[in-house]
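Below are the chains, spelled out letter by letter.
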Amino acid sequence: MSPEDFEARLRRIGEQRYHHRHPFNLRMHAGSLSREEIQTWVRNRYYYQTRIPIKDGLILAKAADPGFRRGWVQRIRDHDGDEQGTGGLELWLSLAEAVGLDRADVERLDDVLPGVRAACDDYVRFVESHDLLESVASSLTELFAGDIMRVRIDAFEQHYTWVDTTGLRYFQSRTRQAPRDAAEGLRFVLEHARSEPDQDRCAAALERKCEILWRLLDAIEAAHDRPRVSPHAQMRVDAGERLVVLPERAVKPSASGCEILDLCDGERTAAEIAAELRSRHPEVSGLTNDVHEFLASMQKLGVLAPPPASR
Amino acid sequence: MNAPRPYNLVAELTYRCPLRCAYCSNPVTFRDVPDALDTQTWCRVFREAAALGVVHVGLTGGEPCVRVDLAELVGGAAEAGLYTHLVTAGTTLSAQGLAGLRAAGLRSVQLSVQDARADASDAIAGVPAFERKLAFAGQVRAEGLPLTLNVVLHRRNLERVPELIALARELDADRLELANTQYHGWALVNREALLPSRAQLEEAARAVAVARKQSARPEILFVLPDYFAKRPKPCMGGWGRRTLVVAPDGRVLPCHAAGSLPGLEFGNVRSLSLAQCWSDASGMNAFRGEAWMPEPCRSCPERASDFGGCRCQAFALTGEASATDPACELAPRHELILAARRAAEAQPGEPRFVLRGEPRRSETTSGDASRRH
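If you read the sequences in order, they're chains V and Z. Heads up, the first sequence is in the numbering used here, so the first residue is 45 and it goes up one at a time. Heads up, the second sequence is in the numbering used here, so the first residue is 654 and it goes up one at a time.
It is possible that part of the hints are untrue.
[As the list claims (entries may be wrong)] The following label-pair restraints were derived from C-beta to C-beta distances:
{"id": "1", "chain 1": "V", "residue 1": "Ser341", "chain 2": "Z", "residue 2": "Pro1012", "range": "47 to 53 angstroms"}
{"id": "2", "chain 1": "Z", "residue 1": "Leu983", "chain 2": "V", "residue 2": "Val168", "range": "47 to 53 angstroms"}
{"id": "3", "chain 1": "Z", "residue 1": "Pro815", "chain 2": "V", "residue 2": "Gln202", "range": "43 to 49 angstroms"}
{"id": "4", "chain 1": "Z", "residue 1": "Glu918", "chain 2": "V", "residue 2": "His325", "range": "49 to 55 angstroms"}
{"id": "5", "chain 1": "Z", "residue 1": "Arg851", "chain 2": "V", "residue 2": "Met45", "range": "47 to 53 angstroms"}
{"id": "6", "chain 1": "V", "residue 1": "His325", "chain 2": "Z", "residue 2": "Pro815", "range": "44 to 50 angstroms"}
{"id": "7", "chain 1": "Z", "residue 1": "Glu973", "chain 2": "V", "residue 2": "Glu320", "range": "55 to 61 angstroms"}
[To be verified] Covered by chain V, according to a simulated footprint, are these stretches of chain Z (three or more residues, beta-carbon under 8 angstroms):
{"id": "8", "stretch": "705 to 713"}
{"id": "9", "stretch": "869 to 875"}
Hints listed in this document are in silico derivations from the structure and should not be mistaken for laboratory results. Even glycine gets a Cβ: it sits at the ideal position worked out from N, Cα and C.
Put together the whole structure using the sequences plus the hints.
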């Protein structure tokens, strides 16, 4: 198809699949997220931010054209800053402080949700294993980032007044950078994806990236579900052995699994359950990860009731 | 022998069934097997099963709902502390009957559906049943019971996997078991008419992958059938290891089909306790553990995960119950599986099949009993 039609196709993908439609973002922009939900989002989204310069480094390494590299390297400089204490990552950390998180704690990445980690790592792996054209195409979610940043700034100023506005500088900087980056990426893709198979590959890469961003928010949302044991589960203890019996299945959770299940009362959120476990077992590392992974697996097996459709 | 703890009891209450599915896993001699256990005996079996460590019972058949004492049996199983699950074709039980079972302690239901379309479904079932089944699914959900839809897949319905998934969603099923035909009982009689092509299976697998991505509901179970896999299935999770089957005549078996293996002696709950049948019967111990295994199983690193595959399949295909399951790529007789696949691939269209209870091909003279479905 013509470059104009191809561009329209890419933009349609964004309209339909970009995370501006994700329920979590809709709630964020409507002002209905709790402080804890905002904190979870900021903490976890930081992991995504840390992967971006790595991803851009991989893209640079695929490019033979000095002109392309000269342009693209700007993204890494924007993100990392030209000296310590500047750049996008730094701005995100000041957002973290503004929402009440401990900066060093966020930087350690210990409490990143496993689903968020998996989604972000998938993005880096995608770029690693695909050619320059598809990698650049996957970055085209930036086409839609400028708008969402403006909506977000408004939402924070209006609804989340407890967040100091100096924390919003990351969003402000992105309203300028994202359109420039997107224009650069789009130019490259429109110029190099002329055949139908190449255009299909680019469209698929963009869809994949939208899916990754969507999954990231799914994981954040799940952390605020209030898991409860399925009403169809029969909890048994026999011969000192705990067993959850379900339709056509029985699950034997470990001792630590039972400890987690006992907290799944439909009142506590998954994040609160993880926090409770951390405070009970301060000596154990990686507990956040383990708790969320365990809850996801129990959900899948039907031990936990499905989350409400309206969350 | 120190028998392991069983977790699951399959209670085959009867082999009677209003349906006549061409892939029925009941023995081809099902008519000779009486419903020999009365209400009290079944209830005793449930109590003894619970004492052995069993936590889950599937009430099945045949069609368990033809038992007039079904509500009492459900009550007996629930009272014994078992998670009580009904496996039914859904054509015989009224809404009132189902409500009675739930009140008696029924916890979940598996409903068989033969196809996504009424005509095809009724053809393979041998009776008009499709519409009644859909209504029954609604009754199960109205009772608030978890619902599993089970569909046996074969070459005539594999292409309708997307429609089956849509149907499961429409019926608000919690689980959809897309169970590829296992070639025992009547299915083995009809193997040529049922065995699919690899292309059909791959297409179905793609449809399942798409559906799983769309939504976590229903949970979809689909695994490549052993005729097309490189390794055998861990049949029943191991012989006499996790599951015990009590047949309508009272025999205690390690699986639905083991009763047809020659030379094996199984206990019967009419004269022995379930514990004796489970731990002492020579048939039950014949293939427990690994001592019975021939090479290449005996030294295979995977023997602890697939348990050497299916003994009944080994017998049906090679005549030796202790042979390596021919479904395994490493089996000396794997050629038998490849030949069956080639024969099925070479058969264009939809070869004829016989319904359960009809004269089998070997019993008919050529030309008659050959109506097409």
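Structure-based check of all given hints:
no., hint, result
1, V:Ser341 with Z:Pro1012: 47 to 53 angstroms, "holds, 50 angstroms"
2, Z:Leu983 with V:Val168: 47 to 53 angstroms, "violated, 39 angstroms"
3, Z:Pro815 with V:Gln202: 43 to 49 angstroms, "holds, 45 angstroms"
4, Z:Glu918 with V:His325: 49 to 55 angstroms, "holds, 53 angstroms"
5, Z:Arg851 with V:Met45: 47 to 53 angstroms, "violated, 35 angstroms"
6, V:His325 with Z:Pro815: 44 to 50 angstroms, "holds, 46 angstroms"
7, Z:Glu973 with V:Glu320: 55 to 61 angstroms, "holds, 57 angstroms"
8, 705 to 713, "holds (count 4)"
9, 869 to 875, "holds (count 3)"
Hint violations for this structure: numbers 2 and 5, all remaining hints satisfied.
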